[in-house]
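S.K.: One-letter residues, chain by chain:
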Amino acid sequence: MAQVLDKPMTSAPSLPPAERTARRRAVLEWIAVHALGVAAALFFTLPFVFVFLTSLMSDSQALSRDLIPQVWEWDNYRKVFATPGFLTWWRNTLLYAGLGTVLTVVSSIPVAYALAKFRFRGRSLSLMLVVSMMMLPPQVVIIPMYLFWAKQLDLSGTLWPLIIPMAFGDAFSIFLLRQFLMTVPDEYLDAARVDGCGELRTLIGVVLPMARPGIAAIALFQFFYAWNDYFGPQIYASENPGAWTLSYGLESFKGAHHTDWNLTMAATVLVMAPVILVFFFAQKAFVEGVTLTGVKG
Amino acid sequence: MTTVTLASKRRRAALVTAAFMSPWLIGFAVFFAYPLISTVYFSFMHYNGLQPPTWRGAQNWTYVFRDYPYFWPALRNTLWLVVVMVSLRVIFGLGVGLLITRIRTGAGVFRTLFYLPYLAPPVAATMAFAFLLNPGTGPVDSILEAIGLPAPGWFNDPAWSKPALTLLALWGIGDLMVIFMAALLDVPREQYEAAELDGASAWQRFRFVTLPNISPIVLFAVVTGVIQTMQYYTQPLIAGKVASGVIQGAGTQFEPGFPERSTLTLPQLVYNLGFQRFDYGSACVVALVLFALSMAFTAFLMRRRGGLNLAGD
Chain S
1 MAQVLDKPMT
11 SAPSLPPAER
21 TARRRAVLEW
31 IAVHALGVAA
41 ALFFTLPFVF
51 VFLTSLMSDS
61 QALSRDLIPQ
71 VWEWDNYRKV
81 FATPGFLTWW
91 RNTLLYAGLG
101 TVLTVVSSIP
111 VAYALAKFRF
121 RGRSLSLMLV
131 VSMMMLPPQV
141 VIIPMYLFWA
151 KQLDLSGTLW
161 PLIIPMAFGD
171 AFSIFLLRQF
181 LMTVPDEYLD
191 AARVDGCGEL
201 RTLIGVVLPM
211 ARPGIAAIAL
221 FQFFYAWNDY
231 FGPQIYASEN
241 PGAWTLSYGL
251 ESFKGAHHTD
261 WNLTMAATVL
271 VMAPVILVFF
281 FAQKAFVEGV
291 TLTGVKG
Chain A
1 MTTVTLASKR
11 RRAALVTAAF
21 MSPWLIGFAV
31 FFAYPLISTV
41 YFSFMHYNGL
51 QPPTWRGAQN
61 WTYVFRDYPY
71 FWPALRNTLW
81 LVVVMVSLRV
91 IFGLGVGLLI
101 TRIRTGAGVF
111 RTLFYLPYLA
121 PPVAATMAFA
131 FLLNPGTGPV
141 DSILEAIGLP
151 APGWFNDPAW
161 SKPALTLLAL
171 WGIGDLMVIF
181 MAALLDVPRE
191 QYEAAELDGA
201 SAWQRFRFVT
211 LPNISPIVLF
221 AVVTGVIQTM
231 QYYTQPLIAG
241 KVASGVIQGA
251 GTQFEPGFPE
261 RSTLTLPQLV
271 YNLGFQRFDY
281 GSACVVALVL
291 FALSMAFTAF
301 LMRRRGGLNL
311 AGD
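Chains as they are written, first to last, in UniProt numbering: chain S, 1 to 297; chain A, 1 to 313.
Pulled out of the complex, with its shape left as it was, chain S reads as follows (with noise of 0.2 Å):
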């Protein structure tokens, strides 16, 4: 198929004809390849487009049939950003999402290091664990750590009891990272020792420098898990809209506005927009994180 590409058509006339039908087909198939890869283009991003057309029309015109805009209001934006609470759900997003990441990276990194290079009894086992709660739905421990967090600290009504949990470790972080550390050699760390580097010296000195696109990668999963949470916020979050975050507070926003449907769009679009800015900018991070939670060893 690259032949194909690098070689002008007009060479063809003058070659056998058995390469000739060879070289036909090959193009045939760089149309239909290519045919089905628009339609799936048109599948994967002609919501994107209908949202944000809507996002731009007329109170009215966002009920009517129309795809595109007569009018095109810019002003949906800000009037989005005047709604009461709509700035307060970006601080508590910012502040769970970021903060969140932080200490997820920072006591998931010395977790998976040790599952990843230590030989010691029990890490199969702890490994098991660590996937088990990996898979588990956080609906099944909620009553008990609602019961916790609500009633025996006082912390509903704020993020805090989705926050302090992060600290602590994240199972999915923790797999990752440790897929990731598995295919950094002993040897580097072998060196570091008879060099006379203790353990933390080791992880912060030697592997920390070689992990950063797997650290990337769990950063930004947890960045998007807090970012994308609804049911963490739901629970605790629900009773203080000063509490609500993005994810949680956009359902509100069609109830604020019965039928504005551009006004809701518009909303929608800043709610994604940040996540897809992001993945610009860490793409590779991204797709290589994704691969190593289910192909490599």
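Do not take every clue at face value.
[Stated by the list, open to error] One side of the interface only, derived from the structure: several residues of chain A facing chain S at Cβ under 7 Å:
hint: 1; residue: F20
hint: 2; residue: W24
hint: 3; residue: P121
hint: 4; residue: D175
hint: 5; residue: M230
hint: 6; residue: V270
[Stated by the list, open to error] Listed next, the stretches of chain S that the computed footprint assigns to chain A, with coverage defined by at least 3 CB atoms under 8 Å from CB atoms of chain A:
hint: 7; segment: 39-51
hint: 8; segment: 64-71
hint: 9; segment: 140-150
hint: 10; segment: 285-291
Source of the hints: derived by calculation from the structure; they are not laboratory data.
Ideal placement from N, C-alpha and C gives every residue a C-beta, glycine not left out.
Given chain S's structure and the hints, the job is docking chain A onto it.
M.R.: Here is chain A on its own, set in the frame of chain S:
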């Protein structure tokens, strides 16, 4: 003398290990083991958060299985989602993975476009689809009617609400595409060349070369898909709430699973029982059912070779 230093060295190593593992050890005890045992305890208690818990024996269990009208619909929906949504996601993800490995021109652009929906926050994506699939006025129905096809009621029609959720799930296929793409690129080229020399057709090459090579990843995708379905919460909840026009706020009551319980999943029952009806005991029964199902699939995933590779040990 030597034995003493060896023993103290070992003790030091054990202490270092414990120190490195400590964040997770504490997290495991406080946020997993303790609440899990408490969930079992509460499943036998009557507790509404106001009066102290009292012993109730198996009554919560019989209530959930026999009298709670949402349990069996939720379990049936889960089964539907496991069979239809998970298998379509795997087939479609594999298809898109195959397609992306064959695209030569603009591969990077296509891959990014296919991947982006996976990143859309679930609430935002569900709100977007609730709008796109709005019966009558949504863009999708407008287009369907324009080309002369019937326009379904989607999230407002019990027969169409789960297909609508499936459509949303297919849109967010990016993670599977990446995993399948990596697996497909790992298939040894020589096997394809050998098959071609033997005169194998495209389908035969897929059936006898590609599939056997990527079958561990297909299994991985199926089992993680099933586990994700056990946790399926935000999308069906938001779809039901937006379609039914419920306005959210503290203490809002809403009929779970709108329309006609067709979008109920097990995690929603924990919320309904625990945080809407304040019947923490019965909520814990559902939580334990959820636990049993999730752990069964996790055990399966970990036992299969290649399913979830913990090796390298």
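S.K.: Can you take a look at whether the segment 140-150 of chain S is actually covered by chain A? Rule is 3+ residues, C-beta closer than 8 Å.
M.R.: holds (count 9)
S.K.: Taking the closest Cβ pair, is M230(A) under 7 Å from chain S?
M.R.: It holds, given that the least Cβ distance between M230(A) and chain S is near 6 Å, below 7 Å.
S.K.: Taking the closest Cβ pair, is V270(A) under 7 Å from chain S?
M.R.: This interface hint holds because 4 Å falls under the 7 Å limit.
S.K.: Count the residues of the segment 285-291 of chain S with a beta-carbon closer than 8 Å to any beta-carbon of chain A: does the count reach three?
M.R.: holds (count 3)
S.K.: For the segment 39-51 of chain S, do three or more residues have a beta carbon lying closer than 8 Å to a beta carbon of chain A?
M.R.: holds (count 9)
S.K.: Please check whether the segment 64-71 of chain S has three or more residues whose CB lies within less than 8 Å of a CB on chain A.
M.R.: holds (count 3)
S.K.: Can we keep the W24(A) interface hint, with Cβ of chain S closer than 7 Å?
M.R.: With a minimum Cβ separation of about 4 Å from chain S (threshold 7 Å), the hint on W24(A) holds.
S.K.: Hint validation: P121(A) versus chain S, beta carbon distance must be below 7 Å. Holds or violated?
M.R.: 4 Å, holds
S.K.: Could you check if D175(A) really has its C-beta closer than 7 Å to a C-beta on chain S?
M.R.: For D175(A), the interface hint holds, since the closest Cβ of chain S sits about 5 Å away, which is under 7 Å.
S.K.: Is the shortest C-beta separation between F20(A) and chain S less than 7 Å?
M.R.: With Cβ-Cβ at 4 Å, under 7 Å, it holds.
Checked against the numbered hints listed earlier, the structure breaks none of them; every hint is satisfied.
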